[in-house]
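K.L.:
Residues per chain are reported as follows:
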Amino acid sequence: MSYSVTEPSKGTKWLAGVLVVSYAIITLIPLLWIIATGFKSPTDSIAYPPVVVFQPTLEGYVNLFTERTRATDEMLAAAGPPTTWYDQIARDRGTVISGPSRYGQRFLNSVIIGFGSTALCMVLGTAAAYAFSRFKVPLKDDLLFFILSTRMMPPIAVAIPIFLMFRNLGLNDTHLGMILLYTAVNLSLSVWLLKGFIDEIPIEYEEAALIDGYTRFQAFYKVVLPQAATGIASTAIFCLIFAWNEYAFAVLLTSGTAQTAPPFIPTIIGTGGKDWPAVAAGATIFLVPVMVFTIMLRKHLLRGITFGAVRK
Amino acid sequence: MAEVVLAGISKSFGKQTALEDVSMTIPDGSFVVLLGPTGAGKTTTLRMVSGLDRPDMGQVRIGGRDASGLTPAQRDVAMVFQQYSLYPHLTVRQNLEFPLKSPILRTPQAEIDRKVAEVAEVLQISHKLDNKATALSGGEMQRVSIGRALVRNPSVYLMDEPLSSLDAKLRSDLRIELKSIQANSGATLLYVTHDQIEAMTMATHVGVLDKGRLVQFGSPREIYENPVSIYAASRLGQPRINVLPADVFGGAPRNATHIGLRPEHILQGEGEDSFVQRVEHLGDQTRLHLALKSHGLITVTDAHTTLKEGDIVKIRPNKAFYFDAAGARLA
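Chain order of the listed sequences is D and H.
Here our numbering is used: position 205 in the first sequence is 205, and no number is missing along the way.
Position in the second sequence (first residue = 1) + 1000 = our numbering.
Next comes chain D alone, as it looks inside the complex:
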């Protein structure tokens, strides 16, 4: 029997594996439930006891993306046979599709505001973090503390002043307003995270680049930025997740033009009660961009969560 201090024993590995898998299953259940509900019929979605095995239907998705009107038999007959599969689904419920719903528009707003604020946050955050890390900034520690202090209360605590401010500035229900707001909320996090990453990059690399004939900005761009890519990627994920999922401010400050998907999804009303499959379908599609973004950068995310734990 060989014994190793660093290599866990077989039994330990199994136990760890079982724990991780069961934890993963527990956390995934709500997610799977939402995804499944999106494919249920309205009846199945509210059945008690809940049905696990059901006949999948795309009705929820059709309802999510369309506006429908109830039609009499004569109207249905006059409209002729359904031309598409989603027409067919609507007809089966005695309705006709009268046009697209506002979900696509709201989803696009989420994309613009979420990714817009994340991008802005990264540009400002990296610049500020670099300055804090490399330059002699007067009152540096106080400024950093001040920046951090904006996170010491829940952002919604200042909802009323922000609401009044936005109204006076004409930023209510605008893309720009929401981008600025989410950037402001996220900036403290990104400055602190990024400063940690940039601090870890030895200054000698920039000095070498200065000697090699580059200006300070070129050295930053060519030498510091590629090495900070890991930090920037993981910080971007944190910022995007916040901006993407934010609900309270979105409810308060947007209603039409700039309304994001989170406040919109629960307002989807079906005939005779909440249309749960449509709501679940909206939530499922809403998950996709963040999931794709996170999977694309997952290597960096892992390092982002554990950064500082082990110094090289």
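To be clear, the hints were calculated from the coordinates, so they are not data collected in a lab.
Taking lysine-lysine pairs in the DSSO-like style, the calculated list, with each CA pair at most 27 Å apart, reads:
id	chain 1	residue 1	chain 2	residue 2
1	H	Lys1115	H	Lys1128
2	H	Lys1015	D	Lys140
3	H	Lys1115	H	Lys1132
4	H	Lys1101	D	Lys222
5	H	Lys1132	D	Lys222
Put chain H on the given structure of chain D with help from the hints.
P.N.:
Here is chain H on its own, set in the frame of chain D:
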């Protein structure tokens, strides 16, 4: 290539004085070695010339031009850092190309390829060109770091202990290589080292720094044969100069408190009795550790000496340096 002049340079970091009124002229085409222990101000001097740090007082002139307002890029210097500082996200080739591709040089690609191949050949890293810089051994990193300086043709090369982490064989190869590159190209080179063999073999001039002051500047022979102080005398010579109380042999000048004897300046066969404490056969020569009136000293003798531990040898100084109580040279 250019002459570099330091005029009255002082620099302190907080309360720590790094350089104090250092003036020296590094002639065009010379190979100047800075010697001194850690903290003597060697690296700071390099950083003054490179423009990475600015002097508190004094002026740096490169090629007759005041460098005060110039950025490192504008000064046209190449520097080899002690910690290598290779760009970790680039390959060895990209590291070597980096200075040539700078907005200041904008070298055509054909020229870049030629120079990189040439330098890689000299430094024996041709087979590593497509490796990531982080996938190299310490010695290889150091060679790439030297290569990054050599691909350019700057007004002055600055090197901070560039051979320190190489093995003995490679170090002596590169010593010869560096010296011949410098001699052939007429490059001006300012070089920091702890290694006195590097200083003696490569330098046209040696600057001895002590606690931020330049205590002596001259040719290696001049400093070896005519040191201004115990400190300067101890910088060169292996084994080191023996420093004993001035009166052990008699005949010391007035005010002298110490006598300095280089190992080869001790004559055997006459004079005072000393005991042989240890005999070290090095092959080409033999070192004798002697005890003279309870003072230890080291001398060299014939490789085939029959002397052994416990023998008595008579010794007297052949040529001696005398120093006063402050360590300054008297005679």
